[in-house]
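Each residue of the sequence shown is one higher than the one before, counting from 11 in the working numbering.
A portion of the hints provided could be inaccurate.
To be verified - Taking lysine-lysine and the DSSO-like style, the derived pairs with C-alpha atoms no more than 30 Å apart in a straight line are:
1) K64 <-> K30
2) K64 <-> K122
3) K64 <-> K48
4) K26 <-> K122
5) K26 <-> K48
6) K48 <-> K75
7) K122 <-> K104
These are calculated hints, taken from the structure and not from any lab test.
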Amino acid sequence: ALNKGFNRYLYGILHKLGPKYDVMEDGYTLRIHSTALKALFQDVIGLHGYSEEKAAPEVFFNAPKPVIAALLRGYFSGDGAVSRGEVEVGSVSKRLIYDIQTLLLAFGIQSKISIKSNEPHLPLYHLRISGRDNLQRFRKEIGLAAPEKHKLIAARQRGAKWHVDAVPLVRALRDELEAVHTNGDTW
11 ALNKGFNRYL
21 YGILHKLGPK
31 YDVMEDGYTL
41 RIHSTALKAL
51 FQDVIGLHGY
61 SEEKAAPEVF
71 FNAPKPVIAA
81 LLRGYFSGDG
91 AVSRGEVEVG
101 SVSKRLIYDI
111 QTLLLAFGIQ
121 SKISIKSNEP
131 HLPLYHLRIS
141 GRDNLQRFRK
151 EIGLAAPEKH
161 KLIAARQRGA
171 KWHVDAVPLV
181 RALRDELEAV
191 HTNGDTW
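Let the sequences and hints guide you as you build the complete structure.
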């Protein structure tokens, strides 16, 4: 949930930029009406398609670390949660979650992905960052826009284990292994 201070900050930016916007009934969802913003997201950054088709735009995989950090901060601030000694985010897009995992590796942040059945809907892919080392790197390198959530990471970090056993795969290797597995070949 966004806090009032962050809402004021966001509304201030929107007021300066000028697009019309609506705050939805839940008090957190914001609908921005802007042809220029739509063109930027679709034509320049490459964000389009249905939820399950979402992926991180290719441009971010070769972007400078501050740009990658800003993308991740925005994504985790909007869709993420801090709970039980970890930072987590979920999506119905398998590719997006694996892309986020790959982008986190640019900062040395390891994460785990799990899949939850959501019948009759699409499965949900959850990415979790845990372990003191990873939480510390996330807090320092990425962070969250809402100050309360950012402070929660530090609090959760104190009770977290130091190490997490995970073997992250880079996108190309993951895609190749998945293609072999999908074709029925054995590894």
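These are the hints, each one checked on the structure:
no. : hint          : in the structure
1   : K64 <-> K30   : holds (25 Å)
2   : K64 <-> K122  : holds (19 Å)
3   : K64 <-> K48   : holds (15 Å)
4   : K26 <-> K122  : violated (39 Å)
5   : K26 <-> K48   : holds (18 Å)
6   : K48 <-> K75   : holds (25 Å)
7   : K122 <-> K104 : holds (13 Å)
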